[in-house]
Amino acid sequence: MREAPVFIAGMGIVSPLGRGLAQTLAALENNTTGISGLTLFTPPADRRLPVGEVRSVSGPADLPRTHRLARMAADEAMAGGTAAPDAVVVGTTTGGMGKTETLLRKKAARPNLLTHHGTGTVAEDIAARFGCTGPALTVSTACSSGAAAVKLALEMIRSGRARRVLAGGADSLCRLTYYGFNALQLLDPDGARPLDESRRGMSLAEGAAMLLLAAEPGPSPVAAVLGGGLSCDAWHPAAPHPEGRGARAAMRAALADAGIAPGRVDYVSLHGTGTPDNDLSEARALHALFGRRLPPLSSIKGATGHGLAAAGAIETAVAALCVRHGLVPGNPGCRRPDPRLGLSPLKRPRRQPVGCVLSNSFGFGGNNAALVISGPDAAPAASAPSHRRLYVVGSACLTAAGDTAGTLQALAAGGGCAGRAVPAAALEAVPARRRRRLGRFPALALALALGAREDAGDSGPPAGVFLGTAWGALSETGRFLDELFESGEKFASPTAFVGSVHNAAAGQVALLMDARGPNVTTSGGDGSFEQALLAAACLAPGRGEPVLVAGVDEHHETLSPLFDPSVAHGENAADGGGALYLSAAARPGAPAVAPVFIGAGRGNPAVIAAMIRALGGPERIRARCGALMVGIPAAHRAAGRRQLDEFREGCGLTAPVIDYRRWTGEFGAASAVAAALAVRFIRRGGLPAPLCGGTALELGGRSILVLGLGATVTALEIGGP
Amino acid sequence: MSAVETLIEELKIKIIDVLDLPDVTPADMDRDARLIGGPAGIDSIDVLEMVMMIEKEYGIRIDNQELGREVFATLGTLAEYIHQNRPEPAR
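Top line first, the protein sequences correspond to chains A and B. When we follow our numbering, the leftmost residue of the first sequence carries the number 266, and every step to the right adds one. When we follow our numbering, the leftmost residue of the second sequence carries the number 3, and every step to the right adds one.
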């Protein structure tokens with residue numbers, strides 16, 4: 266299907282090549298490299314490797330480096346002095362990790378110093394900086410995050426959810442990624458030499474790029490995003506599929522989405538990290554897709570290094586520069602192309618007209634993204650935006666009371682379900698060898714995925730996996746950092762590192778279920794699950810095959826109270842989550858679900874009024890809504906209560922309010938438990954008495970609104986006429 | 003028992019422990035069987051986990067993939083490599 270293009274109305278880059286578009290372009294034209302020695306921290310003498318470091322990072326010293334890099338890029342993208350964007354989408358894997366690990370290393374970590382730890386705080390910071398009160402979304406799909414963020418922004422605009430979205434990626438160098446990639450022996454001691462015969466790995470790097478994407482070209486559009494494609498290898502937690510199966514699927518999907526044939530591609534900007542396996546599998550994917558008619562291609566990662574989540578965004582911005590300036594970059598570091606690859610990368614930059622660029626980004630978990638960038642004038646006719654409806658065909662939750670049945674039973678008996686969730690029973694179906702390396706976070710995710718699929722009566726793979734998590738794999742992260750610091754930065758566990766990435770759980774789900782479609786992990790504090798649902802609504806294949814949407818968080822004794830202010834307030838450790846199996850095709854008895862609203866709750870007095878509008882206004886809310894399930898995180902109780910009062914008064918709503926965190930306990934993905942249970946209440950036609958002040962509630966065909974209040978305000982509607 | 007044989011028995015226990023191998027006992031591990039992709043289900047990430055264990059326990063670094071492929075071919079090749087490259091214990 267040929268979709269309308271989305272314009273790049275402004276953009277900004279900061280990378281080891283320099284600050285800003287002009288310096289980046291000059292470096293690319295001169296084929297210079299930004300890879301050199303590490304100065305940010307000092308590893309033991311036998312563990313020093315070249316990196317791509319950004320030399321002068323501006324911004325307040327107490328703000329983590331990733332946030333500062335993102336601000337630098339965003340400031341350039343927004344330099345036109347344009348109005349606030351409708352949404353912000355940032356791809357990042359490190360978030361505030363650089364600052365957090367420094368504090369943990371000094372044993373000086375305190376909750377009030379870690380307010381910007383969460384990956385979601387980068388997008389929130391950028392949104393606040395430019396007055397955006399709409400969704401501030403975070404995509405964390407490892408090294409494809411930046412490109413996946415651009416794809417999500419593209420779909421938000423195409424679907425009419427936003428007109429202008431500031432999207433990109435940012436990551437900073439930190440010990441976790443440096444020692445982690447080193448433990449995987451993926452860093453080249455001589456600096457990255459993508460596609461070279463003697464390459465031994467990548468050079469870890471940092472940076473950011475942000476792009477202002479817009480439905481209208483504006484006064485001076487830079488380029489257009491014609492399309493994008495996402496896929497998952499469903500093959501291995503860290504290594505790419507040897508034949509490049511997922512890479513090829515992502516490229517093919519991007520070209521189809523852009524409505525162009527492979528022959529239209531003038532340049533392929535490779536993922537080209539310089540690891541032996543990546544370059545080989547990418548080459549095989551290219552041969553399979555393009556056959557003998559390979560376009561000019563190169564990897565710039567011998568110049569920029571690999572900026573992880575920043576890479577896909579940086580390379581999107583570079584693709585736009587290539588189109589605008591008629592440049593095909595060289596492939597610094599490659600002297601003798603590896604004959605096994607069968608590729609002839611451009612060794613020197615070349616001046617030639619570039620109409621269309623295919624830009625690749627692949628990551629851990631087999632998460633692949635590809636984007637098609639063209640000039641701003643390649644504009645086909647606009648298609649009418651459409652919101653796809655999604656129907657819940659299966660749901661599951663995990664709490665301390667057990668699975669969905671156990672949880673419902675506990676609630677009906679007047680008890681709660683707060684505490685540590687137990688995934689054991691559901692996981693018996695998973696072979697022992699696959700379970701062996703699963704930490705608590707992926708184990709919870711797998712158990713939820715299996716539970717939701719079973720409830721849906723399905724057994725095949727879901728067409729996409731969307732997982733929201735506030736804090737990700739805390740056990741693996743904690744174990745990795747503990748071991749690293751206890752050994753004086755000598756020993757780092759490769760297993761813990763691979764498991765520590767936010768998208769590790771979604772990757773495991775894809776592996777187990779052979780889910781090769783889009784695989785997206787979102788993260789944004791207490792609204793992480795809602796972000797995953799929004800991502801699914803934007804990115805789920807429209808053919809009606811079901812997709813999985815889950816919200817999962819694990820409790821960690823030391824890290825949870827440090828990171829999550831509501832856990833610090835809470836009395837009892839709690840975790841778990843919920844999962845929905847969603848289909849774009851209606852089924853009898855399957856309630857509709859709509860991610861209606863995500864907005865900033867802080868510094869945004871108009872948020873509740875905006876939510877009421879998004880829900881269709883007071884009259885419509887009164888007519889449809891049979892019950893309110895409201896999540897007010899402990900850290901935001903006072904503000905949340907005020908927001909709730911304003912909402913109920915604002916629409917004159919008398920439906921009962923179920924304050925669900927009272928019985929789920931405090932954890933990021935509590936709203937996913939609420940949503941999964943809401944589905945069951947809708948199916949049963951009512952809510953048990955203990956939840957509704959002693960009298961069982963008949964819904965009479967009306968819907969349940971699941972609201973999240975506090976720092977982020979969210980609304981989902983489940984069921985209804 | 004030779005020094006290498008003793009080392010092999012020691013390695014079996016350490017490998018099962020560090021990789022948390024389910025349902026595998028030292029008796030199941032054969033000195034000459036393929037270690038990676040063999041019956042114990044050991045994969046490339048496990049190899050790197052063993053690299054860390056071997057540096058910790060024996061002070062030997064196996065820091066590139068080509069060397070790793072040779073050394074981790076079987077339990078026997080691994081034990082031989084450790085035996086030959088082990089720093090002299092301080093007396």
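FYI, nobody ran anything at the bench for these hints, they're computed from the structure. Be aware that one or more of the hints could be misleading.
In silico SDA-like links for lysine to any residue, alpha-carbon gap of 20 Å or less [to be verified]:
#1 58(B) - 462(A)
#2 16(B) - 39(B)
#3 16(B) - 744(A)
#4 612(A) - 465(A)
#5 58(B) - 605(A)
#6 58(B) - 752(A)
#7 58(B) - 25(B)
#8 16(B) - 82(B)
#9 755(A) - 82(B)
#10 58(B) - 753(A)
#11 14(B) - 701(A)
#12 58(B) - 308(A)
#13 58(B) - 750(A)
#14 16(B) - 30(B)
#15 372(A) - 612(A)
#16 58(B) - 612(A)
#17 16(B) - 701(A)
#18 755(A) - 39(B)
#19 58(B) - 3(B)
#20 58(B) - 313(A)
#21 755(A) - 14(B)
#22 755(A) - 55(B)
#23 16(B) - 371(A)
#24 755(A) - 40(B)
#25 58(B) - 29(B)
#26 755(A) - 59(B)
#27 755(A) - 86(B)
#28 612(A) - 462(A)
#29 755(A) - 63(B)
#30 371(A) - 753(A)
#31 58(B) - 371(A)
#32 755(A) - 312(A)
#33 755(A) - 57(B)
#34 58(B) - 30(B)
Q: May I ask which of the numbered hints given earlier this structure violates, with the numbers listed in increasing order?
A: 1, 5, 7, 9, 15, 16, 18, 19, 21, 23, 24, 25, 27, 31 and 34
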